[in-house]
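J.: For this one, chain P is given, so just place chain S on it according to the hints.
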Amino acid sequence: MGRSAPGRQVGAAAIPQPSEWSGPFLEVRGLSVAYPAGSRRQRVALRDVSLDLVPGELLGLVGPNGSGKTTLIRAVTGVVRPLAGEIRIAGEEAVGLPQWEVARRVAVVPQNPQLPEAFTTLDAVLMGRTPHLRLLQMEGPADLEAARRAMLATDTWALADRRLGELSGGERQRVVVARALAQEAPLLLLDEPTAHLDIGHQTAVLEMMRSLCRGEGKAVLAAVHDLTLAAQYCHRLVMLHQGSVIAQGRPEDVLHPELLERVYKARVHVFPHPWSGRPVVAPWCSVSG
Amino acid sequence: MNPSTGSGQALAEGASTAGELPLASFRRTLWPRLLLGLSLLLAAAVVALVVGPAGIPLDATLRVIISRLTGLDLAEGVPATWRDIIWEVRLPRVLLAGLVGATLSMAGATYQGVFRNPLAEPYLIGVATGAALGSTIVVLSSPSVSWQGLSLLPLAAFAGAIISVVIVYGVARVGNTVPTTTLILAGVAVSSLSTAITSFLMLRSTTHMFTVFSVVLGGFNTATWTRLVWAVPYVLPAAVVILAHGRVLNVLSLDEEQARQLGVDVERTKLLLLGAASLATAAAVSVSGTIGFVGLIVPHAVRLLWGPDNRKLLPMAILLGAAFLILADLLARTVDQPSEIPVGIITAFCGVPFFLYLLRRARGGVF
Chain P
1 MGRSAPGRQV GAAAIPQPSE WSGPFLEVRG LSVAYPAGSR RQRVALRDVS LDLVPGELLG
61 LVGPNGSGKT TLIRAVTGVV RPLAGEIRIA GEEAVGLPQW EVARRVAVVP QNPQLPEAFT
121 TLDAVLMGRT PHLRLLQMEG PADLEAARRA MLATDTWALA DRRLGELSGG ERQRVVVARA
181 LAQEAPLLLL DEPTAHLDIG HQTAVLEMMR SLCRGEGKAV LAAVHDLTLA AQYCHRLVML
241 HQGSVIAQGR PEDVLHPELL ERVYKARVHV FPHPWSGRPV VAPWCSVSG
Chain S
1 MNPSTGSGQA LAEGASTAGE LPLASFRRTL WPRLLLGLSL LLAAAVVALV VGPAGIPLDA
61 TLRVIISRLT GLDLAEGVPA TWRDIIWEVR LPRVLLAGLV GATLSMAGAT YQGVFRNPLA
121 EPYLIGVATG AALGSTIVVL SSPSVSWQGL SLLPLAAFAG AIISVVIVYG VARVGNTVPT
181 TTLILAGVAV SSLSTAITSF LMLRSTTHMF TVFSVVLGGF NTATWTRLVW AVPYVLPAAV
241 VILAHGRVLN VLSLDEEQAR QLGVDVERTK LLLLGAASLA TAAAVSVSGT IGFVGLIVPH
301 AVRLLWGPDN RKLLPMAILL GAAFLILADL LARTVDQPSE IPVGIITAFC GVPFFLYLLR
361 RARGGVF
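From first to last, the protein sequence lines are chains P and S.
FYI, the numbering for the first sequence is 1 to 289, going by this note's numbering.
FYI, the numbering for the second sequence is 1 to 367, going by this note's numbering.
Keep in mind the hints are simulated off the structure, nothing from the lab.
Hints may contain errors.
[Unchecked claim] In silico SDA-like pairs for lysine to any residue, Cα to Cα no more than 25 Å straight-line:
| id | chain 1 | residue 1 | chain 2 | residue 2 |
| --- | --- | --- | --- | --- |
| 1 | S | K312 | S | L272 |
| 2 | S | K312 | P | A142 |
| 3 | S | K270 | P | P283 |
| 4 | S | K270 | P | E145 |
| 5 | S | K270 | P | V95 |
| 6 | P | K265 | P | P283 |
| 7 | S | K270 | S | L95 |
| 8 | S | K312 | P | R162 |
| 9 | S | K312 | S | R268 |
| 10 | S | K270 | P | D161 |
| 11 | P | K265 | P | S286 |
| 12 | S | K312 | P | D161 |
| 13 | P | K265 | P | D226 |
| 14 | S | K312 | P | P98 |
| 15 | S | K270 | P | P36 |
| 16 | S | K270 | S | A159 |
| 17 | S | K312 | S | L38 |
| 18 | S | K270 | P | E101 |
| 19 | S | K312 | S | A54 |
| 20 | S | K270 | P | A118 |
| 21 | S | K270 | S | T177 |
| 22 | S | K312 | P | L136 |
| 23 | S | K270 | P | L133 |
| 24 | S | K270 | P | L136 |
| 25 | S | K270 | S | V174 |
| 26 | S | K312 | P | K265 |
| 27 | S | K312 | S | L34 |
| 28 | S | K312 | S | V174 |
| 29 | S | K270 | S | L236 |
| 30 | S | K312 | P | L135 |
| 31 | S | K312 | P | S286 |
| 32 | S | K312 | P | L167 |
Only chain S is shown next, with the shape it has when bound in the complex:
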């Protein structure tokens, strides 16, 4: 700040030429990244569709899918078992893994933005386990609750998720900030309680034990088109709300008082975003069980690679989250053939070292 130039001269100088710098560069960098993310996602999906014990070649796989989608009969000569494996087993599984990965990753990025804490993650802050408890209670009482074809299981999971997030946020909040220590401790506490209750309910009921067990462990071995249809009506609106708030999330990364003074209705925005992220998480948990660390690894990797702007971070986290969980699930069903291991084990193996690293340098410059 040079007193001698003063603002008057500087203003006159500034008025002459407007550098198009940030906007142009924003557009220039967003589209190639989205394209990159999309191609990674597509590649992951194709690999996951083709790899498997049945040894179905790529061209047969693609022909089956295209013929089912378009109605043309391109799948001539492909055995019926192959068609079933691809259309009824692998495709729904890949799509569900992608949807859940995208959802958890998006929810993680949202929690991180709202809590201003890079360690916030649906699983670590107890939202996912709360959702699992909610859906367990419903599965045990009446396994097929639906209203006009819309499954209400995600709503029960949502109730559990929102109760957890309210408790964790309420306990972890110190003044206007959510410190890492209190956030993780509160998350662990709430999460342990939810898991304890879920386990208790599980032991009491022998008939639904397998269903509940798969909710706790998490995975896609029970993936069907029906499950995909359960989750989409909840995930999509949540994604729209969250993606619309990218710029506002950036402003929220200042402290709350500054965000208010810049014109953001902080309480309303937090409520909306936490609600949307929790609804999306709940829908994901109700179809796939609890899968940890996706919401931590993916947004953070995106942040490291391309910076903290939520308008880019959120779409990239969605694309790469989907790709990541598709590949993790592929690993889960192939490393220990012929049996499967829960995908949560794979994500934990990737996520825990990452988590510890982040915890070690809790005040990093990437947020």
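So that you can see chain P by itself, here it is in the shape it has in the complex:
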């Protein structure tokens, strides 16, 4: 997907692809975000968060509800302005970049996206090409090709003519993933991409993220609620707790029962997966028989 179509770039500078980048592709340093921005009664949602994401890596963002996962994604995509800190994408400061410049670097799968019901699936995926098009420019063959590849990869090509209002929850989710792929941004952020999906679709989405990392060297950051799923597919995990990073590292180093009890206020069992050896988190069940 790194194939660039000459002559149709909006801006001048080409964005480095992750495959040609060594070192962290996304660097977040000392990031703090407060809501509502600029208000006197603001609530701090992220406090001094730092993390790195290298090309080809699938980084899992875990933590309880309200721990700041979505806020971190919104900050990286330029939707909220940070109070303090730096966000660097391919070595370049991303805070304050024009919105279309950010969108050419970062594609997002939001948590509960509102989709206009009457548009077709293909229309929706082609909207992912927005940052590559000038105001009066129509989608050309290169854009269609990008959309088609994204839809084949997400198994939504067969739905191309269907209206968004007719799709099931799982299909809509895959269409939004396809739109993010069609954006052809080197950095991919997913906010709970597996929520509302059954286990078949959950594993399929995460398998696909893994193959994007491996095959195309994309850098992927995924907020995942299900700790077991995150541990199976992510290279590393970052755990947020009340807006701060409380632990990060390999899944087996992060997912400790004591830490989980402190963060989630629930006792859990953690044991290795019988096949992969990665941690499986199961509820502490006091009911028996």
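T.: Using the frame of chain P, we list chain S on its own:
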């Protein structure tokens, strides 16, 4: 999503053949529709030019118009009164009705896109009545304000329109959405206040009562070439801005956060589009008064017939909006002969059932 195929294989498969599907079909469907719209508009215009109490036949009508346009003398034998009726009364009236219909319909489609609400309409959200108030104030203070031949009346109307849209949007907005209930309530409130002030000013002034009254009621019985010339310099640039944003309006039909994450400068775009739609509405109101529901009926009919893509919706709404108001005006001046009824009555008769229907199924699948 089948894990076993993976993206690699799928990508290789996709790279071989590119289906030209959406683009080709876009072009294939756009031009016939535009042609259809144009012919409907032309037919409406011809009917409106010919029908009337003077009973002027079609060929005389066309000969007068062609001879005036080309300078050739084809109108030999056509009585002078007929020439005057056609050139000074009917043609400007039809053109003005067409311009206003196109403008209101385009503005309606734009408000609907920006607010992500199918019920947004220049009249219902108080923009048109705000514009009427603006132009009333100017008419009462100095009726002939102009700068180098450019009438400033539309600008006064624009001030009123933009104040209304800012208030309505500010009040109706809940988080990042504009729910139907708050939008309509805020629109009704602002609209009532503007109309109340306009009525008060109207009652205070006896000299301009008729002018102001016609602004409130709306209609084309005072149409002249001069009025047409007032409105065009404001409507045209607004139309260019709006038509250029068709694809961006599609992206805005997602929520604002998604539009931002897809690279749209949402605040700037909204400002630009609301400004353009309000300017166009203001220009229309300043030459024809407030005419409701055109901006609701026409874009919605277009959406039902041909889908929600704003790149097709906007031009079609412009063409059919023009045709619709020309025919509505024709009805307004013929149903109750020899007197006329305000065209707003006709559009309300068509629009209110439509509005109620839309309100009933507010979460429809056509948007």
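J.: Each hint needs a verdict: does it hold in this structure or not?
T.: Taking the hints in turn, this is what the structure says about them:
1. Distance restraint check for K312 of chain S and L272 of chain S: the Cα-Cα separation of roughly 20 Å lies within the 25 Å cut-off, and the hinted pair is therefore satisfied.
2. Restraint check for K312 of chain S and A142 of chain P: the C-alpha separation of about 22 Å stays at or below 25 Å, so the hint holds.
3. In summary, the hint linking K270 of chain S to P283 of chain P is not supported, as the alpha carbons are separated by about 48 Å, beyond the 25 Å threshold.
4. Simply put, K270 of chain S and E145 of chain P have alpha-carbon atoms about 30 Å apart, too far for the 25 Å limit, and the pair is violated.
5. With a C-alpha separation of about 22 Å, the suggested pairing of K270 of chain S with V95 of chain P holds against the 25 Å cut-off.
6. Proximity of K265 of chain P to P283 of chain P is assessed by CA-CA distance (about 12 Å); at most 25 Å being required, the pair is judged to hold.
7. Simply put, K270 of chain S and L95 of chain S have alpha-carbon atoms about 30 Å apart, too far for the 25 Å limit, and the pair is violated.
8. The suggested pairing of K312 of chain S with R162 of chain P holds, with an alpha-carbon distance near 19 Å, which does not exceed 25 Å.
9. For the hint linking K312 of chain S to R268 of chain S, the alpha-carbon distance of about 23 Å falls within 25 Å, and the restraint holds.
10. This hinted pair does not check out: K270 of chain S and D161 of chain P have alpha carbons roughly 29 Å apart, beyond 25 Å.
11. At roughly 15 Å between alpha-carbon atoms, K265 of chain P and S286 of chain P fall within 25 Å of each other, so this suggested pair holds.
12. Proximity of K312 of chain S to D161 of chain P is assessed by CA-CA distance (about 17 Å); at most 25 Å being required, the pair is judged to hold.
13. Between K265 of chain P and D226 of chain P the CA atoms are separated by roughly 16 Å; this keeps the pair inside 25 Å, and the hint holds.
14. Distance check on the hinted pair: K312 of chain S and P98 of chain P sit about 28 Å apart at the alpha-carbon level, beyond 25 Å; violated.
15. This hinted pair checks out: K270 of chain S and P36 of chain P have alpha carbons roughly 21 Å apart, not beyond 25 Å.
16. At roughly 17 Å between alpha-carbon atoms, K270 of chain S and A159 of chain S fall within 25 Å of each other, so this suggested pair holds.
17. Straight-line distance between C-alpha atoms of K312 of chain S and L38 of chain S comes to about 14 Å, which keeps the hinted pair within the 25 Å bound.
18. A C-alpha spacing of about 19 Å is found between K270 of chain S and E101 of chain P, which places the hinted pair at or below 25 Å, so the restraint holds.
19. For the suggested pair K312 of chain S and A54 of chain S, the alpha carbons sit about 39 Å apart, so the restraint of at most 25 Å is broken.
20. Among the hinted pairs, K270 of chain S with A118 of chain P is consistent with the structure: their alpha-carbon atoms are about 22 Å apart, no more than 25 Å.
21. With a C-alpha separation of about 13 Å, the suggested pair K270 of chain S and T177 of chain S falls inside the 25 Å cut-off, and the hint holds.
22. The suggested pairing of K312 of chain S with L136 of chain P holds, with an alpha-carbon distance near 14 Å, which does not exceed 25 Å.
23. Under the criterion of a C-alpha separation no larger than 25 Å, the hint pairing K270 of chain S with L133 of chain P is consistent with the structure, at around 19 Å.
24. For a cut-off of 25 Å, the pair hint linking K270 of chain S to L136 of chain P stands: about 17 Å separates their Cα positions.
25. Note on K270 of chain S and V174 of chain S: the hinted pairing holds, with a Cα-Cα distance of about 16 Å set against a maximum of 25 Å.
26. Using a Cα cut-off of 25 Å, the hinted pair K312 of chain S and K265 of chain P is violated, with the two alpha carbons roughly 54 Å apart.
27. With a C-alpha separation of about 9 Å, the suggested pair K312 of chain S and L34 of chain S falls inside the 25 Å cut-off, and the hint holds.
28. For a cut-off of 25 Å, the pair hint linking K312 of chain S to V174 of chain S is broken: about 30 Å separates their Cα positions.
29. Our distance criterion of 25 Å between C-alpha atoms is met by K270 of chain S and L236 of chain S, whose separation comes to about 19 Å.
30. Proximity of K312 of chain S to L135 of chain P is assessed by CA-CA distance (about 16 Å); at most 25 Å being required, the pair is judged to hold.
31. A C-alpha spacing of about 62 Å is found between K312 of chain S and S286 of chain P, which places the hinted pair above 25 Å, so the restraint is violated.
32. The straight-line distance between the Cα atoms of K312 of chain S and L167 of chain P is roughly 24 Å, inside the 25 Å bound, and the hint therefore holds.
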